Amino acid sequence: MSDRSNSIFPSTAGTSGGVSIELDGVTKVYPGQGVPAVEDFSMRIEPGELVMFVGPSGCGKTTTMKMVNRIIEPSSGSIRIDGQDVLHLSPDQLRRHIGYVIQQIGLFPHMTIADNIATVPKLLGWSKTRTSQRVEELLETVQLDPAVFAKRYPRQLSGGQQQRAGVARALAADPPVMLMDEPFGATDPITRERLQAEFLRLQAEIGKTIIFVTHDFDEAVRLGDRIAVLSERSRIEQFDTPDAILAAPANEYVASFIGSGAALKRLALLPVTAARLTPVDGSSRRPSVSSTATLRDALDLLMVTGADALDVVDEEQRPVGRLGHADISAALTPPERVEVGTP
Amino acid sequence: MSAPGTADVAGAPADAAATPRDRTTLLGTPGRRLSVVRVAAAPLLVAAGLLVLFLWVRSLELDSIEQRTLNSDYLVARVREHLVLSCAAAALVALIAIPVGMLIHRSQSTVLRTVVLGLANIGQATPAVGVVILLAIVWKTGFSTALVALVAYSFLPVLRNTLTGLAEVDPATREAARGMGMTRWQVLRRIELPLASPVILAGLRTSLVFAVGVATIATFINAGGLGDMIVNGLKLQRYPVLIVGSCLVAAIAILIDWLAGLVEELARPRGL
Numbered sequence: 001m002s003d004r005s006n007s008i009f010p011s012t013a014g015t016s017g018g019v020s021i022e023l024d025g026v027t028k029v030y031p032g033q034g035v036p037a038v039e040d041f042s043m044r045i046e047p048g049e050l051v052m053f054v055g056p057s058g059c060g061k062t063t064t065m066k067m068v069n070r071i072i073e074p075s076s077g078s079i080r081i082d083g084q085d086v087l088h089l090s091p092d093q094l095r096r097h098i099g100y101v102i103q104q105i106g107l108f109p110h111m112t113i114a115d116n117i118a119t120v121p122k123l124l125g126w127s128k129t130r131t132s133q134r135v136e137e138l139l140e141t142v143q144l145d146p147a148v149f150a151k152r153y154p155r156q157l158s159g160g161q162q163q164r165a166g167v168a169r170a171l172a173a174d175p176p177v178m179l180m181d182e183p184f185g186a187t188d189p190i191t192r193e194r195l196q197a198e199f200l201r202l203q204a205e206i207g208k209t210i211i212f213v214t215h216d217f218d219e220a221v222r223l224g225d226r227i228a229v230l231s232e233r234s235r236i237e238q239f240d241t242p243d244a245i246l247a248a249p250a251n252e253y254v255a256s257f258i259g260s261g262a263a264l265k266r267l268a269l270l271p272v273t274a275a276r277l278t279p280v281d282g283s284s285r286r287p288s289v290s291s292t293a294t295l296r297d298a299l300d301l302l303m304v305t306g307a308d309a310l311d312v313v314d315e316e317q318r319p320v321g322r323l324g325h326a327d328i329s330a331a332l333t334p335p336e337r338v339e340v341g342t343p
Numbered sequence: 001m002s003a004p005g006t007a008d009v010a011g012a013p014a015d016a017a018a019t020p021r022d023r024t025t026l027l028g029t030p031g032r033r034l035s036v037v038r039v040a041a042a043p044l045l046v047a048a049g050l051l052v053l054f055l056w057v058r059s060l061e062l063d064s065i066e067q068r069t070l071n072s073d074y075l076v077a078r079v080r081e082h083l084v085l086s087c088a089a090a091a092l093v094a095l096i097a098i099p100v101g102m103l104i105h106r107s108q109s110t111v112l113r114t115v116v117l118g119l120a121n122i123g124q125a126t127p128a129v130g131v132v133i134l135l136a137i138v139w140k141t142g143f144s145t146a147l148v149a150l151v152a153y154s155f156l157p158v159l160r161n162t163l164t165g166l167a168e169v170d171p172a173t174r175e176a177a178r179g180m181g182m183t184r185w186q187v188l189r190r191i192e193l194p195l196a197s198p199v200i201l202a203g204l205r206t207s208l209v210f211a212v213g214v215a216t217i218a219t220f221i222n223a224g225g226l227g228d229m230i231v232n233g234l235k236l237q238r239y240p241v242l243i244v245g246s247c248l249v250a251a252i253a254i255l256i257d258w259l260a261g262l263v264e265e266l267a268r269p270r271g272l
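Protein chains in written order, with our numbering: chain A, 1 to 343; chain B, 1 to 272.
Think of the hints as simulated: they come from the structure by calculation, not from any bench. Incorrect hints may have been included.
Stated by the list, open to error - If we take Cβ atoms under 10 Å as the criterion, some of the chain A residues that face chain B in the derived model are:
(1) Val101
(2) Gln104
(3) Ile105
(4) Leu107
(5) Pro109
(6) Met111
(7) Gln156
(8) Leu179
As the list claims (entries may be wrong) - Every beta carbon over 12 Å from chain A, so not counted as near; a handful from chain B, in silico:
(9) Val116
(10) Tyr239
(11) Leu255
To be verified - Derived coverage of chain B by chain A (criterion: at least 3 residues anywhere in the stretch with Cβ under 8 Å from a Cβ of chain A; other residues may be distant):
(12) 56-65
(13) 166-173
(14) 179-187
(15) 191-198
For clarity, every value in this text was computed on a predicted model and none was experimentally measured. By construction, the Cβ of each residue, glycine as well, lies at the ideal position given by its N, Cα and C atoms.
Full structure from sequences and hints, please.
Written as structure tokens, this is what we have:
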């Protein structure tokens, strides 16, 4: 194969960043069903953005996502990746340039982890040396020691390790776009939290454009740049940043989906520096909190210690300001309008 | 929920921490799952049986009819005929039934599936003696006719196992393969067939053993094999001939099953 180019999308030949995804009036009607599964879905996702699709089971969020790589063919509408209409590309070619991670992981049980990860590079005709270098690099990226794991079979790995291998496999050919269907849904809470943290770190490094489907709103808040809250037939109830959705849910439906404790969830998103700190002079006997902590951590510390204010300190433990209950409340109030639904 | 505690406490699927390690040691040993006893038992048993048979025949005083069959030239010739016939039948079954199974699986057509499975069922349900003799009447006698009858008779296990094996591949595995851009053919060849291979091989093993047993009826249409000895022994009331013939068929069937079992174990894809 003479064509070594890594991408079918114009702006990413040679680079690894993300590209835009535009869905325009996308509809899916299954034969024999009167009601469409997805109706007139339109959305623009910016390059490098991590967009979460959140909604109850059966709302069509997974169907919407799977139309992007044409695992499910749309009935009408158009989908463009980097300005290119995916419906005009060969589905197999298209999929080789889109990372795909599913909840069940779907590692090939008869292949070693290295061979699993090498799947797409092999389909693209990469050389052996390039492929094995890439496999090693990826195993290190997802924190699986190549010396230990490359030659193992999937069933010799724990659930969390398998999921990491699954992510590595999806990243193998450095696709600009990733589709992730509840990738951490089947793992236990502790493993899930660790995988989420690793995933955030990884995304900060690679900056892919990602559509991430979940039914867990807290996961959406934790990971997403923007969240699309979806209802029946994949209707977009609200599409905004986690902070904006928590601060001002567009309607009852979104509010009910957020559940209780919206203010606390918002605090977890805001760094202590988002609050207006009262300047301090010299040291005090107040409990201190790092300036990289979240407001939720600060509130937690206030509750535990019973103090009425905390010192916010920088890396060298120098106090940069004082933070009290009122400052935290003030940070929650959006500039334009008073928040509703605070418990 | 029999054991209180342990597995359920974590609340999560229990495979997070404990089981993978156990599996590692289980699979990590190079000796696979073959124990010496299992490997050696069948051939030793057969060897012992044949030795007893040999000693018994030697202790007899054979008349001229018996001497004509109970000598090594005759025995080797019949065993060879028998093996050639049954192995050729099994090979043909593999060559036809596996691709047919793949085709039905790919087409996803219930009509095709029902028709072909129905035919294979008829092939197996019809008494093989009847098929052989009918075929001989409408066609001809000899090797090819016996082969066709045997193929018809032992077609079903391979076909059914091919279909089952392919259908049992985890849909998530298939979806992952499609999602990464494998063509349908690549999914079949690289994912579905290897994963289905243990089930397909098990079907082939059954077919092979079927064929060895049923090849005895080839004698009725003059196609040779160990059936000659059984029928002659009966007709001429020479029981040593009958007994040696039957024992050899049984020995071959056991050894073939044993060999196929070994192949099944060794050909099983690693990681399964």
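Hint check:
1. A distance limit of 10 Å between C-beta atoms decides the matter here; for Val101/A the minimum to chain B is near 9 Å, and the interface restraint holds.
2. The criterion of a C-beta within 10 Å of any C-beta in chain B is met by Gln104/A, whose closest approach is roughly 3 Å, and the hint holds.
3. Below 10 Å, beta-carbon pairs count as interface contacts, and Ile105/A has one with chain B at about 7 Å; its hint therefore holds.
4. A cut of 10 Å between beta carbons decides the hint on Leu107/A: the least distance to chain B is about 7 Å, and the hint holds.
5. Annotation: Pro109/A was flagged as interfacial toward chain B, and the flag holds, the nearest CB pair being 5 Å apart, inside 10 Å.
6. For Met111/A, the interface hint holds, the least distance from its beta-carbon to any beta-carbon of chain B being 7 Å, beneath 10 Å.
7. Of the supplied interface hints, the one on Gln156/A holds, with its beta-carbon coming within about 5 Å of a beta-carbon of chain B, less than 10 Å.
8. Checking Leu179/A against chain B by beta carbon gives a least distance of about 8 Å; that is within 10 Å, so the hint holds.
9. At roughly 26 Å from the closest C-beta of chain A, the C-beta of Val116/B stays outside 12 Å, upholding its exclusion from the interface.
10. The Cβ of Tyr239/B sits about 52 Å from the closest Cβ of chain A, beyond the 12 Å cut-off, so the non-interface label holds.
11. Every CB of chain A lies more than 12 Å from the CB of Leu255/B, the least distance being 29 Å, so the non-interface label holds.
12. Taking a C-beta to C-beta cut-off of 8 Å, the stretch 56-65 of chain B contributes 0 residues in contact with chain A, too few for the three needed, and the coverage statement is violated.
13. Given as covered by chain A, the stretch 166-173 of chain B passes the check, having 3 residues with a CB less than 8 Å from a CB of that chain where 3 are the minimum.
14. For the stretch 179-187 of chain B, the stated coverage by chain A is satisfied: 6 residues place a CB nearer than 8 Å to a CB of that chain, which reaches the threshold of 3.
15. Interface restraint, the stretch 191-198 of chain B with chain A: holds (3 residues with C-beta to C-beta distance below 8 Å; minimum three).
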